[in-house]
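Sequences are here, hints too, so could you generate the full structure?
Below are the chains, spelled out letter by letter.
Number of protein chains: 2
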Amino acid sequence: MKKLINDPQDVLKDALLGVEAAHPQLRVDHVNRIIYRANPKADGKVALLSGGGSGHEPLHGGFVGVGMLDAACAGEVFTSPTPDQMQEATKVIDRGAGVLHIVKNYTGDVMNFEMAGELAGAEGVEVATVVTDDDVAVQDSTWTAGRRGVGVTVLLEKIVGAAAEEGRDLAAVTALANKVNESGRSMGMALTSCTVPAAGKPTFELPDDMMEIGVGIHGEPGRHRVPLAGAHEIAEQLVEPILHDLDFTGAPSIVMLNGMGASPLIELYLMYGEVARLLDKAGVKVARSLVGNYITSLDMAGCSVTVLKADDEILKLWDAPVNTSGLRWGL
Amino acid sequence: MKKLINDPQDVLKDALLGVEAAHPQLRVDHVNRIIYRANPKADGKVALLSGGGSGHEPLHGGFVGVGMLDAACAGEVFTSPTPDQMQEATKVIDRGAGVLHIVKNYTGDVMNFEMAGELAGAEGVEVATVVTDDDVAVQDSTWTAGRRGVGVTVLLEKIVGAAAEEGRDLAAVTALANKVNESGRSMGMALTSCTVPAAGKPTFELPDDMMEIGVGIHGEPGRHRVPLAGAHEIAEQLVEPILHDLDFTGAPSIVMLNGMGASPLIELYLMYGEVARLLDKAGVKVARSLVGNYITSLDMAGCSVTVLKADDEILKLWDAPVNTSGLRWGL
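If you're matching them up, the sequences are chains A and B in order. Per the numbering used here, the very first residue in the first sequence carries number 51; after that it's consecutive. Per the numbering used here, the very first residue in the second sequence carries number 51; after that it's consecutive.
Calculated directly from the structure, the hints in this document are not laboratory data. By construction, the Cβ of each residue, glycine as well, lies at the ideal position given by its N, Cα and C atoms. Check before you lean on any hint, since a few could be wrong.
What the hints assert, rightly or not - Covered stretches of chain A (chain B as the covering partner; in silico rule of three or more C-beta atoms under 8 Å from a C-beta of chain B):
(1) 97 to 109
(2) 114 to 120
(3) 274 to 285
(4) 301 to 313
(5) 337 to 343
(6) 349 to 361
Written as structure tokens, this is what we have:
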């Protein structure tokens, strides 16, 4: 295992020190492993909390800031944060208008956020929840009942973050979050496995001439293992299941070509070119796009595609100013 | 070789299609392989051109836009662009106030930009040049006479780009560029080799228990090959030579912790924490920082550190609005 780390048990602790040093606009609670905005939003606005296992950076800590999240709870690598962490963050960020929990659909995250919501609720904080489940690869998986939550989470945090910043109430923000989740689909693939530091060896074995189509962001098995192919064919294997699952014609789309962590940007742009061509051919109009590492799987080589069916309201919220370490414009 | 590509010979061509599809604010000349701003800057302002071999993305195409470069010439992977490309771009971006060529110190780039400058000069465009040479690892190397140009190039393109946007003349912009280059130092390391697509195999062999300290951005040999060590010790081996080479105390610094392409963000933040601690201990005051992939080496795992001695003027230019795919704020 070759990694830029100290003790494999200290990866999260050490990385949070770096996040704190790099970003004066954030405040890190090292005891509870929560990343907050240094300057909380105004009273009376809905607050947004997300979180999950570490190893997917910039998700979620990289999306804390004006226009997106108010806080993110960091679990150990590929391990859900605890209800205690989530409860603490929920109480701290509540500005009296309630808190939306943004939860990727993995069994541990769903269970822990549910418990945290009840605990915070008992203390008088109004909590609502959206569970993202956009991954079309598999219906159930190793770590989930139902589909996995992946790339749409990034887009949702941006769009719903802008709505909360506008001052919409908790019911409206939650309804929008559900609408965004229902309007998006994703599919990923891996050229290589990732290696969890504490495990010290690859999560799965993948021969030099094979790739995994439909892989999860923790290296969970996908749809099938197939011989290595060119970017053109890989793009088809990602785009086809997405378009098969939802009709994206007749509305503008937001498209993300996401890197899994170890694929260089030149390859991600190349893949985006292939994806854009296929979408164009299928009559899908791309209104906005993102190319880069946004929801990763440690040092996995590979990529995922997310397509979100938008409308004028969603595009306006997408374009609204945002200032996080992972997404920034207008500020 | 596992890569998200089609024919290894078409990587640059295919990637430029993706860049064009992803960024309507850019215009791509596919014949000459030049990335331009779609909306040129105003007449009477100095224009900035950079370029070099591909494989270092987002450098340089990812830094074309308001507040940074006016154009970037893309060579084949790890191969200098040609004088013809540079001459064409120089003529196109000139707004009557001259063009600054920003050149990393590699023999091919320096020679070709020099020829392009002469050719454009003969056609009436005033051209000035800055050659970056901030890498403290080695005095001469496989591909250079003198030190290699690396991370400072990113910071220089931002700072000098802001000065050109302000309307400073070519002499002033060039003087600032030289000052920035002289005020910055970098040092890099590799955990793994990169693989050039057309070569199909790793550029160099590095055993599982070794790392390369002082590596170049094309996988050129560094200072020494040493046993794998923890992040703490790696940070010392990068920071010490930088601080030994220039006194960074008594002024605010801009610090970049750059990933080589295949190291995930959680590791880069962890490394930044180590670097920040060492700088603090040495009395270096960090005023601004960047953590992420900015000047990469294809799929190499590893990182580099750049420290730039700034002043109030440089910090003001650093903070000025910028809108590129690689760096964006205030717009």
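Do the hints match the structure? See the list:
1. 97 to 109: It holds, with 4 qualifying residues against the three required.
2. 114 to 120: Three-residue rule not met by the stretch 114 to 120 of chain A, so violated; n is 0.
3. 274 to 285: Answer holds; 5 residues pass the 8 Å Cβ test.
4. 301 to 313: Since 4 is at least three, the answer is holds.
5. 337 to 343: holds (count 3)
6. 349 to 361: holds (count 4)
Violated hints amount to a single one, hint 2; each of the other numbered hints is respected by the structure.
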